[in-house]
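**Q** Okay, here's what each chain looks like letter by letter:
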Amino acid sequence: MANMTPKKHEMPTQDPNVRATNFLEVATGYTLETAVAEAERCLHCPTQPCVSGCPVHINIPDFIAKVKEKDFEGAYQIISLSSSLPAVCGRVCPQESQCESLCVRGRGSVPQKDANGQIVKDELGKPVMVKSEAVGIGRLERFVADYHNVYNTKKPAKPQQNGHKVAIIGSGPSGLTCAGDLAKQGFKVTVFEALHVAGGVLVYGIPEFRLPKSIVQKEVENLKALDVDIETNVVIGKTLTIDELFEDGYEAIYIGSGAGLPKFMNIPGEGLKGVLSANEFLTRINLMKAYKEHADTPVNHSKKVAVVGGGNVAMDAARSARRLGGDVTIIYRRTKAELPARAEEVEHAIEEGIKFQFLTNPIKINGDENGNVKSITCIKMELGEPDASGRRRPVEVLNSDFDIDVDEVIMALGTSPNPLIKSTTKGLETQKWGGIIAEEETGKTSREHVYAGGDAVTGAATVILAMGAGKKAAAAIAKELLKRN
Amino acid sequence: MYKIVSKKVLNPTVIQMEIDSPLVAKKAKPGQFIILRVDEEGERIPLTVAGTNKEQGTTKIIFQVVGATTEKLKHKEVGDYIADFVGPLGVATHTEGIKSVCIIGGGVGCAIAMPVAQEFHRLGAKVTSIIGFRNKDLLILEDEFKEASDKLVVMTDDGSYARQGNVTLPLKEMLEEDPSQFDLIITIGPLIMMKYVVLTAKPFGVPVTVSMNPIMIDGTGMCGGCRLSLVQDGKRVMKFACVDGPDFNGYEVDFDEAISRGRQYYDFERHAHEETCNLFNKEVK
Chain A
1 MANMTPKKHE
11 MPTQDPNVRA
21 TNFLEVATGY
31 TLETAVAEAE
41 RCLHCPTQPC
51 VSGCPVHINI
61 PDFIAKVKEK
71 DFEGAYQIIS
81 LSSSLPAVCG
91 RVCPQESQCE
101 SLCVRGRGSV
111 PQKDANGQIV
121 KDELGKPVMV
131 KSEAVGIGRL
141 ERFVADYHNV
151 YNTKKPAKPQ
161 QNGHKVAIIG
171 SGPSGLTCAG
181 DLAKQGFKVT
191 VFEALHVAGG
201 VLVYGIPEFR
211 LPKSIVQKEV
221 ENLKALDVDI
231 ETNVVIGKTL
241 TIDELFEDGY
251 EAIYIGSGAG
261 LPKFMNIPGE
271 GLKGVLSANE
281 FLTRINLMKA
291 YKEHADTPVN
301 HSKKVAVVGG
311 GNVAMDAARS
321 ARRLGGDVTI
331 IYRRTKAELP
341 ARAEEVEHAI
351 EEGIKFQFLT
361 NPIKINGDEN
371 GNVKSITCIK
381 MELGEPDASG
391 RRRPVEVLNS
401 DFDIDVDEVI
411 MALGTSPNPL
421 IKSTTKGLET
431 QKWGGIIAEE
441 ETGKTSREHV
451 YAGGDAVTGA
461 ATVILAMGAG
471 KKAAAAIAKE
481 LLKRN
Chain B
1 MYKIVSKKVL
11 NPTVIQMEID
21 SPLVAKKAKP
31 GQFIILRVDE
41 EGERIPLTVA
51 GTNKEQGTTK
61 IIFQVVGATT
71 EKLKHKEVGD
81 YIADFVGPLG
91 VATHTEGIKS
101 VCIIGGGVGC
111 AIAMPVAQEF
121 HRLGAKVTSI
131 IGFRNKDLLI
141 LEDEFKEASD
151 KLVVMTDDGS
161 YARQGNVTLP
171 LKEMLEEDPS
181 QFDLIITIGP
191 LIMMKYVVLT
201 AKPFGVPVTV
211 SMNPIMIDGT
221 GMCGGCRLSL
231 VQDGKRVMKF
241 ACVDGPDFNG
251 YEVDFDEAIS
261 RGRQYYDFER
271 HAHEETCNLF
281 NKEVK
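If you read the protein sequences in the order shown, they are chains A and B.
Position 204 of the first sequence, counted from 1, bears residue number 204 in our numbering, the numbering being contiguous throughout.
Position 209 of the second sequence, counted from 1, bears residue number 209 in our numbering, the numbering being contiguous throughout.
Hints are not guaranteed to be accurate.
[To be verified] In silico lysine-lysine, BS3-like type, Cα no more than 25 Å apart, as pairs: (1) B/K26 - A/K422; (2) B/K235 - A/K364; (3) B/K126 - B/K99; (4) B/K195 - A/K165; (5) B/K126 - A/K422; (6) B/K235 - A/K432; (7) A/K263 - A/K336; (8) A/K426 - B/K26; (9) A/K292 - B/K282.
Worth flagging that the hints you see were computed from the coordinates, not collected in a lab.
Use the sequences and the hints to build the structure in full.
**A** Written as structure tokens, this is what we have:
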């Protein structure tokens, strides 16, 4: 009999007042008992609606069934069939808009019960209803992956090599997924990374308190155990070109080079000292460890910080600035309902004391006589007609401008694709806005034997969508190369 | 890890090293740069390529000791390794169609100007070089410039060697004599010097290319730290030095903004440099 409690088990977290002063992980993870109890909420529906919400189609009901049986390694093996990075996805996937959004347990409301199992009634004698919550699929995935990483001692069996060489550009979620899937089938895979460490956005972008770097490191080690080579400090398009990789004997190439140049607003004052992109701010903190006291790389510990934008990157930047001691305001031109960030990140940000200035847009940044930021001039917005994305378009309210005093402004407005590979690869077609054109189901580009996926194709999106693209491309590459035998 | 295969002290604060880096050496062209990290905890710093030896697979860098990272690098010896060395990055200096060029280097910027002068010389262009230093003790690469130039003018601020004055002095004289003698002026050095080279050349209408060296982290177009403003047809346009540069049309660059932005972490850097020096001094004692 399934556990019919309407609410999912709470994720234990560090106290907001404590965690706002450290970079340790916010959510501390389910215990074994909580994981089993949460797993018992799963109805194991025969139609498996959750699976269709997962970009890499993890067999969710089956892995949860293993958790119920306390066979955690068995659960891990089921997840591994579909995902190369479960410890990462369990932490950063927007489950509420994917697998969990389709969970039968998340539909409708049920009467609230008290501790004795009696239905709670209001003054009129009607039962008090509570909204049902989906099974905590992401939390269970995280538990299973962490359990494996702590207790598993067996190294994965090395697959037999099939003699085919594949190059992968970029060691972010997309590239690592593609590498893992191909290596498991016996392909000799080399991953080229421009930075000095593997992991891409998982390392330079997502902060330690949301995704500890030791977890990324562990996932990378797991790939190396499958004989995947990772070459850091190689910028494809500069150090080597796509054509040179083919000359070196690679038979297929997957481009997972990620998003590129940070966007700015093109408003006056963006050249002032104290204005920076979220990419720069987060890279200083995450990749270069500038939050540590004796780090060689500097980062400003600003007192009053404005973060412009409403996505996950904006939340990450705001919460990082908070941890450096700042009083932080997120400026977003729509309302809370339209925030593109993961719900949990928004809640965590609010708990940590981040302020939100909704329906507001900056029009100018003002500096002092030394060229340092001193305030940001904003204008009020209201929501008008829906735009192409279906969201209501914010429009300026006349004469509503006002100043906020700040000493740092962080722009978290997304990115436009990096020009390096496009400009050095003949015959690789791109969209007008710069994204590489690739078939959705296979990742095939306009160049023969060249595949692409992730943010390099879609523009800034999520870790799991990039992984899904890497997975599809791996299948297509395997099909193409094995046909040659 | 990347091995240091040679080291030469050019003046009390400027050091030349060759680093074993075959992939960079094979590709690097004058005007491009690399990014290095000295050790696992180190910061990433950009340095312009000062030359390559393709047969031996080495890349030459010349750096001035200004902060903690360059201080640490100074203490590395031949046979030691540095953690990371990546490149070549940025767009190489455009050389096509230039028959007569004036190369103006200032201070350690001469280390970057030198391979550019050599490249034009190799391509058969007429090369006039003007190199400037604060004083005689800081002079570097005079012989190399002599060899690569049809005409060389050396300037020192205090007159302790060669002619006294700024690099703009001989430039102005040459332009007044015959403004059409140069197809292009290329200047590499302190921002304030490049700004004045541009102002000096402006009345004569000779194109000026400047080589920018802003703060960078990744160097591949990801962080945006190296951005600068150009003014094109009255409109401000944002560019990224790492992928769009480091060379830009000098008449378009907003130097005042670049100078201000270049000093963003000045206090941190000075403090970190002092701490690093103290650390090395303790070790010596």
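**Q** Run every hint past the structure and note whether it holds.
**A** Hints versus structure:
Taking the CA atoms of B/K26 and A/K422, the gap is about 21 Å. The hint holds against a cut of 25 Å. Proximity of B/K235 to A/K364 is assessed by CA-CA distance (about 16 Å); at most 25 Å being required, the pair is judged to hold. For the hint linking B/K126 to B/K99, the alpha-carbon distance of about 6 Å falls within 25 Å, and the restraint holds. With a C-alpha separation of about 51 Å, the suggested pairing of B/K195 with A/K165 is violated against the 25 Å cut-off.
With a CA separation close to 35 Å, the supplied pair B/K126 and A/K422 exceeds the 25 Å bound. With a CA separation close to 22 Å, the supplied pair B/K235 and A/K432 stays within the 25 Å bound. Among the hinted pairs, A/K263 with A/K336 is consistent with the structure: their alpha-carbon atoms are about 22 Å apart, no more than 25 Å. Among the hinted pairs, A/K426 with B/K26 is consistent with the structure: their alpha-carbon atoms are about 21 Å apart, no more than 25 Å.
Distance restraint check for A/K292 and B/K282: the Cα-Cα separation of roughly 23 Å lies within the 25 Å cut-off, and the hinted pair is therefore satisfied.
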